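*Asks:* Chain A is already provided as a structure; the job is to place chain B on it using the hints.
There are 2 protein chains.
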Amino acid sequence: MAEAVALSMSMGSYLKNSSLQATECSRQEPSSSLRSKFLGCKLTASQASLQLPSIKHTRRQRPCVIQCSVVQQSQVQAPDSVFITPDGRRAECYGVFCTIYDLNEVEKPKSWKKLLRVAVSGAAGTISNHLLFKIASGEVFGPDQPIALNLLGSERSRNALEGVAMELEDSLYPLLRELNLGIDSYEVFRDADWALLIGAKPRGPGMERADLLDINGKIFAEQGKALNAVASENVKVLVVGNPCNTNALICMKNAPRIPKKNFHALTRLDENRAKCQLALKAGVFYDNVSNVTIWGNHSTTQVPDFVNAKIHGKPVTEVIKDKKWLEEEFTETVQKRGGALIKKWGRSSAASTAVSIADAMKSLVTPTREGDWFSSAVYTEGNPYGIDNDLIFSMPCRSKGDGDYEIVPDLQINEWLATRIKKSEEELISERSCVAHLIGQDNGYCDLTEDTRLPGEQ
Amino acid sequence: MAEAVALSMSMGSYLKNSSLQATECSRQEPSSSLRSKFLGCKLTASQASLQLPSIKHTRRQRPCVIQCSVVQQSQVQAPDSVFITPDGRRAECYGVFCTIYDLNEVEKPKSWKKLLRVAVSGAAGTISNHLLFKIASGEVFGPDQPIALNLLGSERSRNALEGVAMELEDSLYPLLRELNLGIDSYEVFRDADWALLIGAKPRGPGMERADLLDINGKIFAEQGKALNAVASENVKVLVVGNPCNTNALICMKNAPRIPKKNFHALTRLDENRAKCQLALKAGVFYDNVSNVTIWGNHSTTQVPDFVNAKIHGKPVTEVIKDKKWLEEEFTETVQKRGGALIKKWGRSSAASTAVSIADAMKSLVTPTREGDWFSSAVYTEGNPYGIDNDLIFSMPCRSKGDGDYEIVPDLQINEWLATRIKKSEEELISERSCVAHLIGQDNGYCDLTEDTRLPGEQ
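Heads up: the sequence lines are chains A and B, in that order. Residues 1 to 458, numbered by UniProt numbering, are exactly what the first sequence covers, in order. Residues 1 to 458, numbered by UniProt numbering, are exactly what the second sequence covers, in order.
Chain A with its partners taken away, still in its complex shape (with noise of 0.2 Å):
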């Protein structure tokens, strides 16, 4: 198939009537069943045509024909399944979204902005299937952005994803409108505005932080080309997967067009614990806690700024006395919070992992609180407080609500806390060193002598 026809599909058409040549892939076709799906499609030769060349991902272009011939609308079956060739190589429209998202047309309400692309990878996990319909239904952009889902799934996760755009189908959220699936990182960043890179490989039994880093890695390596040869410009890169900080880094590094202060790794969730766990032990309402930075890496490192939070605008050390409890519990508590609920609840955090993406999102669509701050690992160039200049490290931003952000400056470092932040620190230098090979840089040794794991991790 052709991915003139991916695409045009992917931009949207809304045609009662369509008749079109166009290029027939020169190789053979998996299957006339699947042939046949696609001929549902809805399409004309203009479209294709004012398309091609809009395509930069150029690596598996193919010369093709296609003839897709659209009869009547009452008769037409849209494709009601995703089209994924056996190669693996297209995200294409799914049900319902192949035939509905010309946002063009007049019945796109007149205050709706322009349509926003989020693509999602481990789109058919268990957070995903938290976070994409928090993402559907507006919550996180609003009730005026119109949302393109383009999920990434792998080989293996095929059928787990059809069964999510099904279920994203019977939702009927307005605001979808666009949902495409895909195998391919090249084809499902494709003009995406946010990429929230969710899937990794979890560690195995008896696996080392470096196999994890080198096995992750190369993933991220990878993602970061395909971003940088597909995505928007402006694209807002987040990264969940683990060991999250360093895959944001070699991601990056491997996505030199898109600027580097795009890039997140998530450290939100930590901080939304901390926060609940200082508000239980004051006895207040958690939303009465704020000023909490997590510094450094996600992994047992990591550090929960109790120094600089605030408790009804306080210094939370005014308002709760129990030093050893700051200094020893209260961070050993949130670094295990994630192990403490796969205890409890048989599985990881996926409901409230999302719910921290989200709240990582909105903290960069919507303008930050006067006088607070959001945690967020970002690019360490020029940072305020003298951390390395080449990581992804989580510290205080603030934003004007524009998806841009600047790190906030002047939070009182103490000695314990620059200790701490010191160790995080040194951790992620050695595991960018063990990542050298993914990052351009061929120095590199791997020494982690400390195995740290991360939080939630048995």
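Hints were generated in silico from the structure; no laboratory data involved. In this text, all values refer to a predicted model and were calculated from it rather than measured experimentally. Any given hint might turn out to be false.
Which copy is meant is left open, so a pair is good if it fits within one copy or across any two.
Claimed, not checked - Lysine-lysine pairs mimicking DSS-like chemistry, simulated, CA-CA at most 30 Å apart: (1) K113 <-> K362; (2) K323 <-> K343; (3) K362 <-> K110; (4) K113 <-> K314; (5) K310 <-> K110; (6) K321 <-> K422; (7) K344 <-> K201; (8) K113 <-> K310.
*Replies:* Chain B alone, transformed into the frame defined by chain A:
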């Protein structure tokens, strides 16, 4: 432990210092560790005595004396884990929610409504794992409606229930002001404004539908009695656990204090699926499809009504000319959607079911769009369609948004519809006969000749 204390905790208190002599359970305490956790509570004697008379459920009331002394806020560790006695008879506050939810305090935004209490059974299951977060986020009842969640689990799901509670804590939803867990419906349903009855035994291998009716019927009879005893007098009850129509009937019959109109069984997922399939067939976006009714039982006899449905305000039959598809494939596709999803996804729909539950609730608390309606299985007494007067039967409803509804009259019932509606009615009459022993009738016999399956059953 004293019910006085459980109640006081669930009513909320926000005290800096308190000291109290109250009643202690006359029986042996289960463990000193549980006891010491409990002693972290915040409670005044005046609160305890004030609240004692409001205990409606007297079955297990015990004379009690409690010593509860709280010294200083900053040294208090609020209970960090649910407290359930080994006899499993109590709903209690969870973690951070034990300390924070007195909405009479200054911190409550002035514009907020009175706390709304939502009880959920099957709270540790996958549907609830989506639904609870939606309710807590404000999506269902709006941004000015503080929420109390009372979660009903089972002995087996106790840990998972705590896992859900941990994730709700970590989500920092400002509207979620109370979270109580328990495994006794008489505790969990106390003062509930809404009861979402999701938990039910699934059909096991080789189990007849009659067996399923009996097993689940007993659960819903007990839950009906509990609602009758302790819930708010105008509680809205939505039954999701299958077979949901007859379960709702059983529940209603066992709760004579609660208005019969307040009982619903969920057919909204079927309606949503029907809308999606009509949109897909017509090549329009699903928000252009309206006036879709699901008639009858949430089973394979359900009748998705294309006769009265509209697309772009026009009768569906004028837009989709393919009569064979409408009369045969459409119904079958809707009925079998659940099963198709299980095949893809490996488990039954959870996310889209939760979305449809939220939709069903929103339909009762927001005014129905002029000229439109929604489907809900409701009590048939006095219905305008000549359906047997003593069933829970899905029909077109509309609401002023006050929690109440009326059945929409004057839909066109042609022969195609009439035949199928009759069949679904007969099935529900048979089911009712099978559960006669659970609804106070003594003329029951169970003769389910056709073993219809629930949507989604394999």
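*Asks:* Next step is simple, just say for each hint if it's right about the structure.
*Replies:* Going through the hints against the structure:
no.	hint	in the structure
1	K113 <-> K362	both (16 Å within a copy, 25 Å between copies)
2	K323 <-> K343	within (28 Å within a copy, 54 Å between copies)
3	K362 <-> K110	both (23 Å within a copy, 25 Å between copies)
4	K113 <-> K314	between (40 Å within a copy, 28 Å between copies)
5	K310 <-> K110	between (42 Å within a copy, 23 Å between copies)
6	K321 <-> K422	within (26 Å within a copy, 70 Å between copies)
7	K344 <-> K201	both (23 Å within a copy, 22 Å between copies)
8	K113 <-> K310	between (36 Å within a copy, 28 Å between copies)
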